[in-house]
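Participant: The listed protein sequences derive, respectively, from chains F and E.
Letter 80 of the first sequence, counting from 1, is numbered 80 in full-length UniProt numbering, and no numbers are missing.
Letter 94 of the second sequence, counting from 1, is numbered 94 in full-length UniProt numbering, and no numbers are missing.
None of these hints come from the bench; they were simulated from the model.
The structure displayed is predicted, hence computed values, not measured ones.
Note that beta-carbon positions come from the ideal geometry of N, C-alpha and C, so glycine has one too.
Careful: at least some of the hints might be erroneous.
Stated by the list, open to error - Here are a few chain E residues that sit away from chain F, every Cβ distance over 12 Å (derived from the structure):
#1 Asn-82
#2 Pro-98
#3 Trp-102
#4 Thr-103
#5 Glu-104
#6 Thr-108
#7 Lys-163
#8 Trp-168
#9 Pro-186
#10 Val-187
To be verified - Computed cross-link-like contacts, DSS-like style, restricted to lysine-lysine with a CA-CA straight-line distance of at most 25 Å:
#11 F:Lys-139 with E:Lys-165
#12 E:Lys-69 with E:Lys-163
#13 F:Lys-24 with E:Lys-41
#14 E:Lys-69 with E:Lys-106
#15 F:Lys-139 with E:Lys-169
Unchecked claim - To list a few chain E residues with every Cβ distance to chain F over 12 Å, as calculated:
#16 Asp-50
#17 Gly-71
#18 Lys-72
#19 Asp-107
#20 Glu-152
#21 Ala-171
#22 Glu-172
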Amino acid sequence: MGNRVAIVGVGMTKFVRRALETGKELSWLASKMALDSCGMTMNQIDSVVMGTAPDTFDGVHMKGEYLSDGAGGFGKPYMRGFVGGGTGVFSVAQGWYHVASGMFDTCLVVCEEKMSTFQPHAQAAFVTIFDHIIERPLKPNLLWIFALEMNRYMTTYGLRKEDIARVAVKNKTNALYHPCAQIAAPVTVEDVLNSEVLAWPVQRLDVSPVSDGAVAVILANESVARRVTDKPVWVEGCGWALDTAYWTNRDLCYPRYVEEAARMAYKMAGVTDPRHQIHVAEPYDPFDYKELHHMEGLMLCGRGEAPQLTADGVTARDGELPVCPSGGLLGVGNPIAAAGLMKIAELFWQLRGEAGKRQIARKAKRGVAQAWGDLMQVGTVVVLGV
Amino acid sequence: MAKSKVQSLKSKVHGPRPVPDAPPYGPIATGLSDDDFKHGKVCTTRWTHDAKYAWDRGVAIGKYLAGLKRGKILAVTCGSCNRTMVPPRAFCEWCFKPIDGWTEIKDTGVINTFSLCYVTWDVKRITEPLIPAVIEIDGASKGMGIMHLLGEVDPKQVKRGMKVKAVWKPAEEREGAITDILYWKPV
Ligand SMILES: [Zn+2]
Chain F
1 MGNRVAIVGV GMTKFVRRAL ETGKELSWLA SKMALDSCGM TMNQIDSVVM
51 GTAPDTFDGV HMKGEYLSDG AGGFGKPYMR GFVGGGTGVF SVAQGWYHVA
101 SGMFDTCLVV CEEKMSTFQP HAQAAFVTIF DHIIERPLKP NLLWIFALEM
151 NRYMTTYGLR KEDIARVAVK NKTNALYHPC AQIAAPVTVE DVLNSEVLAW
201 PVQRLDVSPV SDGAVAVILA NESVARRVTD KPVWVEGCGW ALDTAYWTNR
251 DLCYPRYVEE AARMAYKMAG VTDPRHQIHV AEPYDPFDYK ELHHMEGLML
301 CGRGEAPQLT ADGVTARDGE LPVCPSGGLL GVGNPIAAAG LMKIAELFWQ
351 LRGEAGKRQI ARKAKRGVAQ AWGDLMQVGT VVVLGV
Chain E
1 MAKSKVQSLK SKVHGPRPVP DAPPYGPIAT GLSDDDFKHG KVCTTRWTHD
51 AKYAWDRGVA IGKYLAGLKR GKILAVTCGS CNRTMVPPRA FCEWCFKPID
101 GWTEIKDTGV INTFSLCYVT WDVKRITEPL IPAVIEIDGA SKGMGIMHLL
151 GEVDPKQVKR GMKVKAVWKP AEEREGAITD ILYWKPV
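So here's chain F without its partners, still in its complex pose:
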């Protein structure tokens, strides 16, 4: 499937609630770190992909062009990718086909988000996600769609809040070892259950925070990769898919968009039995139930089985199938596009054995990262391996 493509370098800023740095500065910091990490310079980069989510957050239209300087896009083939929250993982797929096609030897993929710009709260910007004629007059809150989906997931499988809260506990605790984490905390299930109810069943500690940050990765073809590193991490498969925009007509308890994307990525990677051939997973967890939902969509377990795996410790960092060892969006933070790319970065470090104190206990040769976005409808999946 095209030429082999590897990730050879990664950079990441700290995720913070409100960054003093501009989006361009954050993008540059991450890009520079990524280049330095593999001893490359910007003039060795042939193409640039910038992933960044809604213009509405920043009040800057054509935000991709605005940020391009910080991503080293000046004078180079430059492309912005945007599929909402799915952007971070999708941008790696975009970078992959730049290099896999043979068109470019290298590609810098940068994802940036500053959600803090929108005052007083970025959530109000999301009202324009909803259909402008038949939904927006009802003054919808973005939390609604998650709350509706989470409630559907809980009632379909007879789950209690504590079955889901364990994900928040695991991820926020995992993030204690992540130097870039924004809201790592040793919380308990009780803390989650006692936190403020925002939109039942969604409570404060079920949700990831509003964040600013940037992440960058460098993709290279096989000959470049072999020259710059002894430990390339191969992009083994990419997949992406959209479900219908008539979101209220869908079965809200199962993310079909993830399954379709995962099937595409697994086929490319030669994965026929995800439960046993995937050794570490970074599914998208902006809400705790979403990690469970997405584990099922990624076919890492059967439908409705993810909560039990979590309760049994299978998904813990020292478990048989570590899930979100980074700390995920719930612990590290959620600068939307950058959060997805953070998951790719985590797999890179885990597969190279460079995750420091976060290093998972089991030997991992292959991992999967996944993100999700738009009107709850896009799934993006990347399989990495060493």
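Use these hints to put chain E with the ligand onto chain F, whose structure you have.
Facilitator: Structure of chain E with the ligand alone, referenced to chain F:
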């Protein structure tokens, strides 16, 4: 083209790179505090987006809204996949064919899922929750819901599977909008 650019790299790499204790990134990026915002240390601008959008309702939603004005809920059918769909659409997105006709469905339905929401769309706290729900309307195909609000119900009593009925605005006040249905109440 780019091959020559990277040939020099090999000489820079002498053997395997050392494995660092922590990943090769620094905790860079500087957070601002609430105080910085409160005391005007941040450059802020307030801009009222005074733009006017003349939205097309479209063929299908236009007819749907005209139906709501008359107190009726209209759906469309697709003969290829045998679905009765609401909200209505001009074409079936599964079959990618024009729909085969219109049908009036009931103004009763079943709650597929719901939330009790204690924040408004612009994140202001409220004490009486808004109760958004996905409602599957009787007469539409199974799983075909629309988003709307519930009313005249104790938040503690709301359940998935509960039967509900539309509460309409008085006929003379209807304007052909989704808000011609005020909310849905239990039957
Ligand atoms: Zn059809």
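Participant: Take the hints in turn and mark each one as holding or not.
Facilitator: Hint-by-hint comparison with the structure:
1. Asn-82: holds, 15 Å
2. Pro-98: holds, 17 Å
3. Trp-102: holds, 16 Å
4. Thr-103: holds, 16 Å
5. Glu-104: holds, 17 Å
6. Thr-108: holds, 17 Å
7. Lys-163: holds, 16 Å
8. Trp-168: Given a closest Cβ separation of 15 Å, the condition holds.
9. Pro-186: Per Cβ check, E:Pro-186 is outside 12 Å of chain F; nearest 17 Å; holds.
10. Val-187: holds, 20 Å
11. F:Lys-139 with E:Lys-165: Cα-Cα ~21 Å, so holds.
12. E:Lys-69 with E:Lys-163: Measuring from Cα to Cα gives roughly 23 Å; hence the hint holds.
13. F:Lys-24 with E:Lys-41: Holds: F:Lys-24 and E:Lys-41 sit about 20 Å apart, inside 25 Å.
14. E:Lys-69 with E:Lys-106: holds, 15 Å
15. F:Lys-139 with E:Lys-169: holds, 18 Å
16. Asp-50: holds, 14 Å
17. Gly-71: holds, 17 Å
18. Lys-72: Correct as stated: the minimum Cβ-Cβ distance to chain F is 15 Å, above 12 Å.
19. Asp-107: holds, 16 Å
20. Glu-152: holds, 17 Å
21. Ala-171: holds, 19 Å
22. Glu-172: holds, 19 Å
Checked against the numbered hints given earlier, the structure satisfies every one of them.
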